[in-house]
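Trainee: The chain contents come next:
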Amino acid sequence: MKVIFHINEFEKWETLLGNITNLLKDGGDEAVKVRVLMNGPSVKALSDETLLQRMRELSDKGVRFTVCRNSLKALCGSGELCIDEKNLPEFLTVVPAGVTELIKRQTEGYAYIKP
Amino acid sequence: MKVIFHINEFEKWETLLGNITNLLKDGGDEAVKVRVLMNGPSVKALSDETLLQRMRELSDKGVRFTVCRNSLKALCGSGELCIDEKNLPEFLTVVPAGVTELIKRQTEGYAYIKP
Amino acid sequence: MKVIFHINEFEKWETLLGNITNLLKDGGDEAVKVRVLMNGPSVKALSDETLLQRMRELSDKGVRFTVCRNSLKALCGSGELCIDEKNLPEFLTVVPAGVTELIKRQTEGYAYIKP
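Chains as they are written, first to last, in my numbering: chain A, 1 to 115; chain B, 116 to 230; chain C, 231 to 345.
It is possible that part of the hints are untrue.
[To be verified] Lysine-lysine pairs mimicking DSS-like chemistry, simulated, CA-CA at most 30 angstroms apart:
| hint | chain 1 | residue 1 | chain 2 | residue 2 |
| --- | --- | --- | --- | --- |
| 1 | A | K2 | B | K127 |
| 2 | B | K219 | B | K176 |
| 3 | C | K303 | B | K176 |
| 4 | A | K2 | A | K12 |
| 5 | B | K159 | B | K117 |
| 6 | C | K303 | C | K263 |
| 7 | A | K2 | A | K61 |
| 8 | A | K61 | B | K188 |
| 9 | C | K334 | C | K263 |
| 10 | A | K33 | B | K188 |
| 11 | A | K12 | A | K73 |
| 12 | C | K274 | A | K12 |
| 13 | C | K232 | C | K242 |
| 14 | B | K188 | A | K25 |
| 15 | B | K148 | B | K219 |
| 16 | C | K232 | B | K148 |
| 17 | C | K334 | C | K255 |
| 18 | B | K219 | A | K33 |
| 19 | B | K127 | A | K25 |
| 20 | B | K201 | B | K117 |
| 21 | B | K148 | B | K117 |
| 22 | A | K2 | B | K188 |
| 23 | B | K176 | B | K117 |
| 24 | B | K219 | C | K232 |
| 25 | A | K104 | C | K334 |
| 26 | B | K219 | A | K12 |
| 27 | C | K303 | B | K117 |
| 28 | A | K86 | A | K12 |
| 29 | A | K104 | B | K127 |
These are calculated hints, taken from the structure and not from any lab test. Note that the structure is predicted; figures quoted are calculated from it, not measured.
Can you make the complete structure from the sequences, with help from the hints?
Mentor: Pasting the structure below:
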């Protein structure tokens, strides 16, 4: 089983992290590859220590977190919040365009879930 | 044609049921396998007689409705509403984790639609 | 790479058009087939000259825009807005049921993204 979760709203983090926690519990014997692609305002979570800590814990269990660079730029350009890629924790991967990542993974057979 | 609809917000029921009704009308000769996975606050619909009746009518036309047990537990745990699985109509299937169901079905070739 | 974007809320147009613009920039050498299926209240965009112009520009770059006829009828039936199919720009394709289009494309290997 392979899945990529797509989050683009900041308000959805609680739902997303709960979904993944339940999935890892339920997976049982069968291995589950879990990826998360965050774009849009959801990337504000990268300045939230509590959310980052919860991501890190899931990352330790094998969940891969990917961030859209366009969204980081847009957030900074709007004057709301500038997050420097260089300061991001090592478990996060930044990709140029989040939508490209979503397409590539689905083409590889990943299921898509939008919480 | 095979599709699994994902609903996780209570406010989306009207849209979802309209989508399915239109799909069954449009399907024409080609058979369409339709599944619905409900998780998150959308499971509150299971205490709404009008929505249950509309689900039952679609179930009579072959639509399969599946409910996330984790979401039932979370809803009860929040103190908002406890729904006893044993009292649910027979046309509803409860699965341990809704997200697992969404992944499995997509792996089987079901399209995913989030209304 | 092939993708169908699903939009059903009017408020999501800005996000959708930004996503597609980023995707086309990022695609690089690899050709990307991009489709958009609009249903629900998102079809109100068809009465908005600014949005139509932006769609036309993306259409000139190969993006295919598809409209759900059921949604046009529902919008008109609600008394809010009646859009005559015959007056729609030629680059828009109207299909009987948007959800059928979403299923068919995914069956053809299109990735699904809901902005």
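Trainee: Could you run down the list of hints and mark each one as holding or not?
Mentor: We went through each hint and held it up to the structure:
1. A:K2 to B:K127: Distance ~27 angstroms between K2 (chain A) and K127 (chain B) Cα, so the pair holds.
2. B:K219 to B:K176: Holds. K219 (chain B) to K176 (chain B) sits at ~23 angstroms (cutoff 30 angstroms).
3. C:K303 to B:K176: With a Cα-Cα distance of about 24 angstroms, the restraint between K303 (chain C) and K176 (chain B) holds, given a limit of 30 angstroms.
4. A:K2 to A:K12: OK: K2 (chain A) and K12 (chain A) at ~21 angstroms, within 30 angstroms.
5. B:K159 to B:K117: Measuring from Cα to Cα gives roughly 26 angstroms; hence the hint holds.
6. C:K303 to C:K263: holds, 29 angstroms
7. A:K2 to A:K61: Distance ~15 angstroms between K2 (chain A) and K61 (chain A) Cα, so the pair holds.
8. A:K61 to B:K188: holds, 24 angstroms
9. C:K334 to C:K263: At roughly 15 angstroms apart (the allowed maximum being 30 angstroms), K263 (chain C) and K334 (chain C) satisfy the hint.
10. A:K33 to B:K188: holds, 25 angstroms
11. A:K12 to A:K73: Roughly 21 angstroms between the alpha carbons, so the hint for K12 (chain A) and K73 (chain A) holds.
12. C:K274 to A:K12: holds, 26 angstroms
13. C:K232 to C:K242: holds, 21 angstroms
14. B:K188 to A:K25: Holds, at about 15 angstroms.
15. B:K148 to B:K219: Judged against 30 angstroms, a Cα distance of about 15 angstroms means the pair holds.
16. C:K232 to B:K148: Holds, at about 24 angstroms.
17. C:K334 to C:K255: Holds, at about 27 angstroms.
18. B:K219 to A:K33: Roughly 13 angstroms between the alpha carbons, so the hint for K219 (chain B) and K33 (chain A) holds.
19. B:K127 to A:K25: Within the cut-off at roughly 27 angstroms; holds.
20. B:K201 to B:K117: holds, 29 angstroms
21. B:K148 to B:K117: holds, 5 angstroms
22. A:K2 to B:K188: holds, 25 angstroms
23. B:K176 to B:K117: Satisfied, since the Cα-Cα distance of roughly 15 angstroms is no more than 30 angstroms.
24. B:K219 to C:K232: Holds: K219 (chain B) and K232 (chain C) sit about 22 angstroms apart, inside 30 angstroms.
25. A:K104 to C:K334: holds, 19 angstroms
26. B:K219 to A:K12: Satisfied, since the Cα-Cα distance of roughly 23 angstroms is no more than 30 angstroms.
27. C:K303 to B:K117: holds, 25 angstroms
28. A:K86 to A:K12: Given that 30 angstroms is the threshold and the Cα spacing comes to 25 angstroms, the pair holds.
29. A:K104 to B:K127: It holds: about 29 angstroms lies between the C-alpha atoms, which stays within 30 angstroms.
In this structure, none of the earlier numbered hints is contradicted; all agree with it.
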